[in-house]
Amino acid sequence: MNPQAKLIFITSLLLGTTITISSNHWVMAWTGLEINTLAILPLISKSHHPRAIEAATKYFLVQATASTLVLFSSMTNAWYTGQWDITQLTHPTSSLILTAAISMKLGLVPFHFWFPEVLQGSPLITGLLLSTAMKFPPITLLYMTSLSLNPTLLTTLAVLSVAMGGWMGLNQTQVRKIMAFSSISHLGWMAIILIYYPKLTLLNFYLYAMMTAAVFLTLNSMKVLNLSTLMTAWTKAPALSTILLLTLLSLAGLPPLTGFLPKWLIIQELTKQDMAPAAIIISLLSLLSLFFYLRLAYCATITLPPHTTNHMKQWRTNKPVSPSIAILTTLSIMLLPTSPMLTTII
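For the sequence shown, UniProt numbering assigns the number 1 to the initial residue and increments by one for each residue that follows.
Any given hint could turn out to be false.
With beta-carbon atoms standing in for the labels, derived distance ranges [said to hold, decoys possible]:
| # | residue 1 | residue 2 | range |
| --- | --- | --- | --- |
| 1 | 79 | 11 | 30 to 38 Å |
| 2 | 280 | 15 | 28 to 36 Å |
| 3 | 14 | 276 | 23 to 31 Å |
| 4 | 334 | 136 | 42 to 50 Å |
| 5 | 336 | 294 | 34 to 42 Å |
| 6 | 81 | 199 | 39 to 47 Å |
| 7 | 256 | 81 | 45 to 53 Å |
Since the hints were derived computationally from the structure, they do not count as laboratory data.
Each residue gets a CB set at the ideal place from its N, CA and C atoms; glycine is no exception.
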């Protein structure tokens, strides 16, 4: 892709995100979401492969439908209350429509079917943007309207997302699809706590984005797209494979790694809110995701030869590890001791 074109699309992504997260008026928030959608489409379809074109088409249709619902929800609210302010979404029908629209934008169950397909058709770096940066504006809209949303509906969507994200990721061999189902599962954790402690949702999102970025950049550096290639990647970059193992375990939420921090705080808060059954259910359902993270980690580091994969061994390269991967993986592994400081900040 032309560097000037790429610069325009990346700038538009930043602009769209900034407009949405800094707006008070529904129409401005909607404008930011639209700019974001239009800027990411060329990045999805840049390879001109039929799969990439299909992914871009699916993404466009889903996001256009969700944006229409956002506009419809805000207009219904303005019709009944005279308010266009994002924080004044008080009409119950409007809040239900908005929950459906944002769930569709994020890929929460039952509006999740597009996300694994789109991620599978995109390059790894675009997949990283779709999993992290493109989720930020819709999550900020949920954060701003959290007081008006229906707790029962959000808890149901959250539990279903954690269940489906774990269950559907079990049988996958494509790394991008596994990361898509991982994203759906993490969104469930964010959604369940949104009404009771919105800042915890944002903290969870920041930590999730950091760990996912570390995984995607590592996979991109090793040029890995499926499990069979991952099995031979240890000969090419043993240090990166070891780092990937720890980052995946952190993403799974195992102590004493960073990923344990948001899960721990969310379970603690749910228990305070007399929602211990919901906390137990999502904790047990996250064991499903743990299985496929362990599978990825096993393929990355533990399958030394002899094994039955037909891929040729790759030459070991002396290419140094990128500083961004080094910083992100360090943060993804070692932030748990800072949890007292993080909890006082939020």
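Here is how each hint holds up against the structure:
no.: 1; hint: 79 - 11: 30 to 38 Å; result: holds, 36 Å
no.: 2; hint: 280 - 15: 28 to 36 Å; result: violated, 43 Å
no.: 3; hint: 14 - 276: 23 to 31 Å; result: violated, 41 Å
no.: 4; hint: 334 - 136: 42 to 50 Å; result: violated, 24 Å
no.: 5; hint: 336 - 294: 34 to 42 Å; result: violated, 19 Å
no.: 6; hint: 81 - 199: 39 to 47 Å; result: violated, 26 Å
no.: 7; hint: 256 - 81: 45 to 53 Å; result: holds, 48 Å
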